[in-house]
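Use the sequences and the hints to build the structure in full.
Below are the chains, spelled out letter by letter.
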Amino acid sequence: MSDEIRLGVFLGFGMITLVSGAVVALARTIIYSVFALLFTFFGVAGLYVLLHADFLAATQVMIYVGGILVLLLFGVMLTHKIATVQLRSASMQRGPAALICGGLLALLLYVIFKTPWPVKELGPATPTVQRIGRYLMTDYLLAFEVISVLLFAVLVGAALMARRETNR
Amino acid sequence: MIPLQGYLVIAAVLFVLGLFCVMTRRNAVTILMGIELILNSANVNFIAFARYCAPDIQGHVFAIFVIIMAAAEAAIALAIVLNLYKRINSIDVDEVDMMRG
Amino acid sequence: MATNMPADMVTSLVLILLLPLAGFAIQMFFGTRLPRKGDWLSTGLIGISLVLGIVMFIRTLGVFDAGYARQVHWPWIDIGGFRVGMGILFDNLTAVMLMVVGIVSFLVHLFSIGYLHGDVRYSRYFGYLGIFSFSMLGLVLCDNLLALYVFWELVGLSSYLLIGHWFEKKSASDAAKKAFLTTRIGDVGMFIGIMILYAKLGTFRFDEIFAAVADGEIGGSLLTWAGVGLFCGAIGKSAQFPLHVWLPDAMEGPTPVSALIHAATMVAAGVYMVGRLFLLFTPEALLVIAYIGLITAVMAASIAIVQTDIKKALAYSTISQLGYMITALGVGGYTAGLFHLMTHAFFKALLFLGSGSVIHAVHSQEMPDMGGLRKKMPVTFWTFLVATLAISGVPGLSGFFSKDMILGASLAFGMEHSSHLIIFLLLLVTAGVTAFYMFRVVFLTFLGRPRDEERYAHAHESPAVMTIPLTVLAVLAVGSAWGGWFQALVVKPELGQYRTAAVAPAVPGGEHGEAHAGEHHEAVHDETTIPDALHADPEGHETHVAGGDHADHGAAHRAHQIAMITSILAAGLGILLAWLFYGRRLFSAETVRRRLAAVHLLLSKKYYFDEIYAVGVVGTTLWVSRAARAFDTHVVDGAVNGTAWRARGFSWFIGLFDNTVIDGMVNGVAGTVTAWGRQFRRIQTGKIQNYLLGLVAVALILAFVRLVRGF
Chain W
1 MSDEIRLGVF LGFGMITLVS GAVVALARTI IYSVFALLFT FFGVAGLYVL LHADFLAATQ
61 VMIYVGGILV LLLFGVMLTH KIATVQLRSA SMQRGPAALI CGGLLALLLY VIFKTPWPVK
121 ELGPATPTVQ RIGRYLMTDY LLAFEVISVL LFAVLVGAAL MARRETNR
Chain H
1 MIPLQGYLVI AAVLFVLGLF CVMTRRNAVT ILMGIELILN SANVNFIAFA RYCAPDIQGH
61 VFAIFVIIMA AAEAAIALAI VLNLYKRINS IDVDEVDMMR G
Chain G
1 MATNMPADMV TSLVLILLLP LAGFAIQMFF GTRLPRKGDW LSTGLIGISL VLGIVMFIRT
61 LGVFDAGYAR QVHWPWIDIG GFRVGMGILF DNLTAVMLMV VGIVSFLVHL FSIGYLHGDV
121 RYSRYFGYLG IFSFSMLGLV LCDNLLALYV FWELVGLSSY LLIGHWFEKK SASDAAKKAF
181 LTTRIGDVGM FIGIMILYAK LGTFRFDEIF AAVADGEIGG SLLTWAGVGL FCGAIGKSAQ
241 FPLHVWLPDA MEGPTPVSAL IHAATMVAAG VYMVGRLFLL FTPEALLVIA YIGLITAVMA
301 ASIAIVQTDI KKALAYSTIS QLGYMITALG VGGYTAGLFH LMTHAFFKAL LFLGSGSVIH
361 AVHSQEMPDM GGLRKKMPVT FWTFLVATLA ISGVPGLSGF FSKDMILGAS LAFGMEHSSH
421 LIIFLLLLVT AGVTAFYMFR VVFLTFLGRP RDEERYAHAH ESPAVMTIPL TVLAVLAVGS
481 AWGGWFQALV VKPELGQYRT AAVAPAVPGG EHGEAHAGEH HEAVHDETTI PDALHADPEG
541 HETHVAGGDH ADHGAAHRAH QIAMITSILA AGLGILLAWL FYGRRLFSAE TVRRRLAAVH
601 LLLSKKYYFD EIYAVGVVGT TLWVSRAARA FDTHVVDGAV NGTAWRARGF SWFIGLFDNT
661 VIDGMVNGVA GTVTAWGRQF RRIQTGKIQN YLLGLVAVAL ILAFVRLVRG F
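Residue numbers (the working numbering), protein chains in the order written: chain W, 1 to 168; chain H, 1 to 101; chain G, 1 to 711.
For the record, the hints were derived by calculation from the structure and aren't laboratory data.
Just so we're clear, the structure is a prediction, and the values are computed from it rather than from any experiment.
Warning: the hint list may mix true and false statements.
Derived coverage of chain H by chain W (criterion: at least 3 residues anywhere in the stretch with Cβ under 8 Å from a Cβ of chain W; other residues may be distant) [said to hold, decoys possible]:
id: 1; region: 14–20
id: 2; region: 32–40
Restraint ranges, calculated between C-beta atoms of paired labels, are given here [unchecked claim]:
id: 3; chain 1: W; residue 1: E4; chain 2: G; residue 2: I468; range: 53 to 59 Å
id: 4; chain 1: G; residue 1: F167; chain 2: W; residue 2: P96; range: 52 to 58 Å
id: 5; chain 1: G; residue 1: V666; chain 2: H; residue 2: I88; range: 46 to 52 Å
id: 6; chain 1: W; residue 1: K120; chain 2: G; residue 2: A628; range: 55 to 61 Å
id: 7; chain 1: G; residue 1: V708; chain 2: W; residue 2: P116; range: 17 to 23 Å
id: 8; chain 1: G; residue 1: D119; chain 2: H; residue 2: M69; range: 48 to 54 Å
id: 9; chain 1: W; residue 1: T126; chain 2: G; residue 2: V51; range: 50 to 56 Å
Where a beta carbon is used, it is the ideal one built from N, C-alpha and C, also for glycine.
Below you can see the structure in the form of structure tokens.
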């Protein structure tokens, strides 16, 4: 792929990500936010592909789009009387928040463009799955196990909490 | 050639958008979405640094952990939200002040 | 075999595959908004696909080489050590299947325009037909087991969608579920078979698997089990005993769907799969295949005699004919089985479409409501009669050639192993029975006097869009088998051609196909893992070894002649009986029914398969779940409750200590904290976002301070 095409694709995915991210943050209707989030996730997955993170891109689509987004949709559907109440999301302290966030963005951009990043020579794209698997089973084994315990606890906890309380 | 800064800028903007979402929304589910944006922006940074600066792809491993955390967080948070809705019939975080002194 | 397919061939094959899928996508999204709800679009796309398929077919005819095969293979999934490719395999068998699927699918599209005119979900119906055609074409084009499995499930899905097309009817939605679940049972076996092969050989590609089998990398009982597992998929999909119960119920779907999916193409997928993977099956696996097919053929034919619903009768006929093909493959009649697959596709699709035309005219599926329709619907009658003659095996029609080959193959097998002669005898009886029940259908539907005057009065010939497909199929039912091109092009593959030259066959157990296994038989005999079933008759085995190739050829020829004569006799006898019963009414069917009341009940209850499954499978499942629940409430809960009871006693003591000593201290601390807290609560708004805002603000201020001051 030539550099121009690559740049074009990058800009495309970047625009998808940012525009839909802005919709998530600013839209007044929750359903819009949720569906915009879908596009944000896809945009980010596209960026992963450009960064040669094939496995991460697949995981992003599967877990975020397939799992988390569906959970969020369920959250919206189950907690709103869709027929009666408008799915509006009120806001608060927008002014101060915009000020602070703008300041933060300025700070981050300053840091990004002032820091001399130690960029290395870029290699060709190689499949990452095997290497990630090796890391998970060697260097990061403890973290891997701990997070599996965490997931188990979450599973039990979520089931317990969401359960309908029968007799107390 | 896309510079590293390109990805960092996208991540930064995404982070700020997420933060803004978390700060201003009253609806608990929307706040969760803001958090997801923040986590995604962090992941973009991880992957970008793994590609441009790090010797190998440890960054990917961290990103995977972040995704797992996000999934866990979404599950628990939504369970809480559902409970909340059952109790006070609203998921407006303003109205959740039972623990207020 | 590497990639050796010309680029233009790849393009047209991919087009053949993707055009129906495009039709599906367009119908799903825009179908209802198109003029005429888009039926012309779907039909046109499958038509283009068919034209390309015919071009490809003519191309192979031009080459006219039995060993013709072109393959193209691309890498698809590459995860760590797991590499899977995707590719197209195009040989003579594929060419024939492409043409058969294309023709039947196109004609069914055309027929449906008339049959489903004004249906509620008209465009969706055509969309489903599109995805079915796509998956069926993919099934015959793919070159590896994984893709085969994927398309296999896809045809199952589209079958489910189409059976349940009128899902408002409970019987239709139940039938759809039953079809899906029953075939799934077989698919599990197929998946196990695929996984055995992958685990042992590390590849899904047909050619690589055959090469491994030829080189003896896998053999013996493992290969047998892999073969039996794969055949389980065919049992489910091709409605073989004991998983045949879904196919009669599947007749709840629209009749053109029954013609396309449940008669001509999808149910033949199992036969196609066994044929495609023929080299994998060990003699033991082939024996299992032969007998499963035989049981199916005989059983279904006997049930078909007593059916009064015209579609049900045809459904059991289909099951019986599929059993025929499976038996043919099982006895080593590779060409015969696949030949019958092709001829059956044409005449059975014609029978179903003809019955659809009848149902369209009289609005009933019950044959007692029909009769005498010959005058009202001449085209339907004559085409239906042609198909009936073909399925009965009347000389000159396509069904005769293929059925004759199957009988010849089974007789040759029986002459070789005389203990298996019963296969031939039962198939012969079935051939007679088939002729009988098919002519019973013809007599009851089209001849005699109309039994329901009112329906008869309203009956009318179907529009041209429905009769044209009937006519085309009738021509194919007559002539598709002429010229011997099929026998010349689709011949039994030899394992030897896949053998990599350097490696000698280490395990003769990998050899199969009775006809050419001769020189290895001595070694096979020593193999302890192979049961004696095949060699139950040492004499037949000896003659075979002694006779060699020449005598084998002569015997096959003789077998063929005997089979031809007896099959004509059987068919004639069946037709004669049907005429005597239902034409001349010389014998009364009613009397026979009363005399043989028990047999009739058994047959009309379809050997009580549904009831047995209801008690056996569903009942057992319920019983096991109840037992599990009882275990749970009594044993598991008992243990938990016991533990809890002891824990409660202990906690009571702790609680006493806790209340007096610890709480005293805690309360003291708490009092102090409360006093402070009263003061601090003023800045606690309780809104987390206020805190977050403050947090970020402070962080920001600190960062700016650091930037400005630079410390």
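Could you check the structure against the hints above and give me the numbers of any it violates, in ascending order?
5, 9
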